[in-house]
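S.K.: Under the working numbering, think of the first position of the sequence shown as 1152, with each following residue one higher.
Treat the hints loosely; a few may be bogus.
Pairwise CB distance ranges (calculated) [said to hold, decoys possible]: (1) Asp-1238 x Glu-1210: 16 to 26 Å; (2) Arg-1221 x Ala-1198: 28 to 38 Å; (3) Arg-1176 x Gln-1211: 49 to 59 Å.
Don't read these hints as lab results, they were simulated from the structure. Treat the numbers as computed from the prediction; the structure is a model and nothing was measured. In this text, a Cβ means the ideal position worked out from N, Cα and C, and glycines have one as well.
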Amino acid sequence: MDCGLARRLSRAARTTTNAVRGVPRLTVVLAEMRDAVKQIERLATFAAQELPEVIYQLEQIRGQLAEIERRVVASRPADNGRVASRDERRSGSPRPS
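All chains, please: the whole structure from these sequences, using the hints.
M.R.: Structure, rendered in structure tokens:
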């Protein structure tokens, strides 16, 4: 048997041995990934169920804030009889002339 063939067989044997040694760790990593995917699925399901409620609550808050804004604007006296623009009412400060 020539030396080149012996080196190739030796290299192949080392590669195979290293691969076999890595199988248990690979199994652990795959199990951890499977557990992570299950957790992500649970979180996605929770988010999908709760999202409509969050949107509803945000719409309610927006309505309440709009009502507060209307009351604040209505209770402010006009500047020298001038009617405030919509932008001024939103920002609370007059626009420069």
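S.K.: So, for every hint listed, does it hold in this structure?
M.R.: To see whether the hints hold, each was checked on the structure:
no.: 1; hint: Asp-1238 x Glu-1210: 16 to 26 Å; verdict: holds, 24 Å
no.: 2; hint: Arg-1221 x Ala-1198: 28 to 38 Å; verdict: holds, 34 Å
no.: 3; hint: Arg-1176 x Gln-1211: 49 to 59 Å; verdict: holds, 52 Å
Checked against the numbered hints above, the structure breaks none of them.
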